[in-house]
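Starting from the structure of chain A, add chains B and C where the hints point.
These are the residues of each chain, in order.
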Amino acid sequence: MSNTGTYEKPGLLGTFGRDGLMQIILIANTIVMLFPIIIMVMSGFKSNVEIFQSPFSIPDFTDISNFVAMATQTSFLRYLMNSFIVTGASILLLLTLGTMAAYAIARYDFFGSSFILLFFMAGLMVPLKLAIIPLFILFRDLGILNSHWALISVYTAMGLPSTVFIMTGFIRTLPRELEDAARMDGASELRIMWSVMIPLCRPALVIAGIYNLVPIWNDFFFPLVFIQDDALKTLPQGMTTFIGEFSTNWGVMFAGLTLAAAPITILYIVLSKQFINGMTAGAVK
Amino acid sequence: MDAPDTTEAPTQKSRLPRLRMSGRGMWITFLLVPPLAVMALFVIYPIVSALAYAFYDWQGLRRGEFVGFANFSKVLFDEPFATTTWNAFKNNVFVFFALMIIQNGLGFILAYALWRDLPGARFHRIAVFLPVVLSTVIIGYVWKLFFHPIFGAVNQLLRSVGLDVFAGPWLGDPDTALNALIFVNAWAWVGFPTLVFLAGLQRIPSEILDAARMETDSELLLIRKIIWPLIAPSATVCFILLFIGSFNWFELPYIMVGLDGSPFGTTDVLGLYFYRTAFGNQSAGIQDFGMGSALAVLMFLFIAVVATVWTIYLRRREIEV
Amino acid sequence: MKKTFKLLTLGLAATAIAAPAVAQDLSFWSWRQEDRAVYEDLIAAFEAANPGITVEFEAFEASSYATILSTALAGESGPDMMMVRAYGAFEAVAGADYLMPITQDDVPGLASMNETALLAQTLREDGEIYGVPFASQTMLVIYNKGIYDQLGLSEPDTWDELLANAQAIEDAGMFAFANGTATAWQNETIVSALGSSTIGQDFFREVVAGTTDFTDPRFVAGLEKVQEISAYFPDGFTGLDYASSQQLFVSGLAAMFAGGSFEIANFRNQNPDLEIGVFAAPGPSADDAKLVGVFFDGGYAGNASTEHAEAVKKFLAYTATTEFGQVFANELRNITPIQGVTLTDDLLNEVAQLNQSAVPYIMLTNFRYEEPSGSVLLQAEVQKMLAGETTPQDAAQAVTDGIATYYAPFQD
Chain A
0 MSNTGTYEKP GLLGTFGRDG LMQIILIANT IVMLFPIIIM VMSGFKSNVE IFQSPFSIPD
60 FTDISNFVAM ATQTSFLRYL MNSFIVTGAS ILLLLTLGTM AAYAIARYDF FGSSFILLFF
120 MAGLMVPLKL AIIPLFILFR DLGILNSHWA LISVYTAMGL PSTVFIMTGF IRTLPRELED
180 AARMDGASEL RIMWSVMIPL CRPALVIAGI YNLVPIWNDF FFPLVFIQDD ALKTLPQGMT
240 TFIGEFSTNW GVMFAGLTLA AAPITILYIV LSKQFINGMT AGAVK
Chain B
0 MDAPDTTEAP TQKSRLPRLR MSGRGMWITF LLVPPLAVMA LFVIYPIVSA LAYAFYDWQG
60 LRRGEFVGFA NFSKVLFDEP FATTTWNAFK NNVFVFFALM IIQNGLGFIL AYALWRDLPG
120 ARFHRIAVFL PVVLSTVIIG YVWKLFFHPI FGAVNQLLRS VGLDVFAGPW LGDPDTALNA
180 LIFVNAWAWV GFPTLVFLAG LQRIPSEILD AARMETDSEL LLIRKIIWPL IAPSATVCFI
240 LLFIGSFNWF ELPYIMVGLD GSPFGTTDVL GLYFYRTAFG NQSAGIQDFG MGSALAVLMF
300 LFIAVVATVW TIYLRRREIE V
Chain C
0 MKKTFKLLTL GLAATAIAAP AVAQDLSFWS WRQEDRAVYE DLIAAFEAAN PGITVEFEAF
60 EASSYATILS TALAGESGPD MMMVRAYGAF EAVAGADYLM PITQDDVPGL ASMNETALLA
120 QTLREDGEIY GVPFASQTML VIYNKGIYDQ LGLSEPDTWD ELLANAQAIE DAGMFAFANG
180 TATAWQNETI VSALGSSTIG QDFFREVVAG TTDFTDPRFV AGLEKVQEIS AYFPDGFTGL
240 DYASSQQLFV SGLAAMFAGG SFEIANFRNQ NPDLEIGVFA APGPSADDAK LVGVFFDGGY
300 AGNASTEHAE AVKKFLAYTA TTEFGQVFAN ELRNITPIQG VTLTDDLLNE VAQLNQSAVP
360 YIMLTNFRYE EPSGSVLLQA EVQKMLAGET TPQDAAQAVT DGIATYYAPF QD
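Sequence lines, in order, name chains A, B and C.
Counting from 0, one number per residue, gives the positions in the first sequence under numbering that gives the first Met the number 0.
Counting from 0, one number per residue, gives the positions in the second sequence under numbering that gives the first Met the number 0.
Counting from 0, one number per residue, gives the positions in the third sequence under numbering that gives the first Met the number 0.
Isolated chain A (complex conformation) (with noise of 0.2 Å):
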């Protein structure tokens, strides 16, 4: 667990010397990366000329007019209600297609299974957004351009490699004898995959999702060159829309910034563990 204390000898600045320096160094490090975040904040209850004057003070955190103009004035809710569904209809379809190859490949001895593994591997290396106009004229051709289906479709094949991946690893670890005895009971594969087998990927399923859940949420790319329509943006595009609709009122910008930013860091205090394992998880295998 820990390794503190386990110290026989001193080093350079002695135990508790480099202890401190650490922990300085920690202490140092979090306050420039909370800071900015504090400041933005407490921007968002301020006007233009506090903003200006005394960017530091603490703010009326009563005075949520900043608030109300960009959740009245701007398309923001529609933009969050957009991120929502595109989110939610890629993280579900990516899980249900990545488990499917991952139990196959995982559950299976075929001709040609660690080709296919090695095919979603080859997936991780590929930055997609390279083959952005391909998939520009793919999609026109799809006439799926400019609607959410064009965003759902890559966020999919984008996150397929590293679920599998994911599933894959975790679903080989699963013991062989629960499977055997429903089979023995005559169980059909379908019914071992979905009430024997997927219960127990529970864990591998949330951090499948969460790995995938930061970037398609926060993604800015895509949705800039295949979504044109405002009312089907996303919330990170929507944001270009609404700072550039404030351009000259900072207060109503900060607080559409932290507006913008409470849901995904409301979620991450709450799940830190999760989410941290999650967005590691392709790297620490």
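Because the hints were derived from the structure by calculation, they are not lab data.
Remember, predicted model here, so these are calculated numbers, not experimental data.
One or more hints might be untrue.
Unchecked claim - Partial selection, computed: residues in chain B whose CB lies under 7 Å from chain C:
| no. | residue |
| --- | --- |
| 1 | P79 |
| 2 | A81 |
| 3 | P148 |
| 4 | P168 |
| 5 | L170 |
| 6 | P173 |
| 7 | N178 |
| 8 | P232 |
| 9 | D259 |
| 10 | F263 |
To be verified - To list a few chain C residues with every Cβ distance to chain B over 10 Å, as calculated:
| no. | residue |
| --- | --- |
| 11 | L117 |
| 12 | G199 |
| 13 | D272 |
| 14 | Q378 |
For glycine and all other residues, C-beta sits at the position ideal for the given N, C-alpha and C.
Same frame as chain A, now just chains B and C:
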């Protein structure tokens, strides 16, 4: 293949295994085809097409004639495109090395500090990772406002502590603009290498450390000889992901300095140049899918080749330990 | 299959023309979302005068309009009528045969429009007009009348007077100019707004004719003036982006804004109390013509493959009438090329007066057809020059060299 057999009664024992096999084959096919189809349609096909598109002349969205390597030579050797390309590439390289030192370097130090499990470590861990979950758009806009030459928080802070001489037009000065972007990127992402390194550190068996600490009292030596080699897999991941990220850099400069890589190309990177070429900007008025695709292909090849070779090298290093 | 379909649609179109009582629904695309209400009024008036034709106005976001339109046209799902941009961006659409050529017979209003306006909607390769030009924009100096009055300043007659005004404003503790150079395209508007009179009409005539290039001493002199006056831009102006510049002017912290006439409506919206005046930045001597830079925004065009060609022509003809121009100019506060329109807005009237002695907004009107566009080059070089990283001479040389890569007259 053995479809007629499936109609036979399943009670015949000899038939059972084969029947199961074919049923299972269909089941596996059912599981694999949809995900593979999605990959083929939305990943493989576009990537392969991007390669093909680069060899054609384009008028808007209409593909013209086959022009061989003309688009590539234009991007790489014809002025003024070549200057732009190499300038952007040079900036990408700079960004990568700077972030290797700042982002990954600081990430390691923070990971080491967090690993000591000092009081408040949990809180520090949550704080350092918070910007990682935020959208680049939010981060870009917030910092753009902070860097405002007159009203920005950065200059206000400097002035309030008497450091007026350092207050400047951060994003407008050719000497500081790219550095400012690099700083913001490091601020936003340092949590990622921190936690990847931390995960690596936490997996080091304590017996090894205890044994090593008997041998030396120099923590620096310990880090260099024992700890660093043991977390080599974490380092590989951080290095490679940073490499890919640095050469795909787009969102942050797009939000903070605009498509042109203001001021006058000092913050221009390949991602911006690619987007500008393929989708145009107001001042260019023209979009050129041919040249854009050529750029994309070159970027893709560069990233793929370097990342692969480097990964192999780093992995070998891991094994040697 | 396709042929029969075409025949069928032709047949349908023919019956539609023969019997105007049959409804003809025209779609009309625009990038002016904010102008919807006015357009709908204009359309209602048109529909009342032309029973049987209905027009549906659809507006898209300006920044992505070009992509939407070219995508739709390429996919044969384009509108019957549309707003198109001018110059290079116009050619990208018109040059691909998507637009219907129009003549004075179709649109009588074209006859009275001046040549610069028509040029903006003329395809260079065939000399045909494909759009009814609708609005011009002017590069000039917009100033805060309140500050000018308070300091007892008047509109400058010479360059030195402009400098003296700027100094007086700074001495009073305000920013003389709100301008910043962090947003690339602002550099181009700044040069046109401040440098045109120094550069002079002759240079523009010659550079368009191809008899001189941008290394011409007259153009370099213009850049030098811009560099000189940038001393009166806010501290750290190289880091000041477009929105921040607007903000400085709107909030009354800065007295002048070198930019486009399209700012006026926006400034008034943001701060209705602001008293705004305009002038053309003067040349070195009071005798120099005071010039503004002018370009046309775009035009109304018909789809070459529309099923309702006659109805489209009727509507296009309508957009060139005085009746249309009157509403367009006064409701949307634009300057129209249509003759005989009286402007109720004093400030717009003033801008229209300034337009009488104008030079083209040169990089857009003449050098935005190929890569690298003159605009991209000029913007980057001026940005560099104002940051003190290059000289006016070298900037002019770099712009010329860049254009020379594809423009023959600059190649020797």
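Just pull the numbers of the violated hints for me, sorted ascending.
Of the numbered hints, 2, 7, 8, 14 do not hold.
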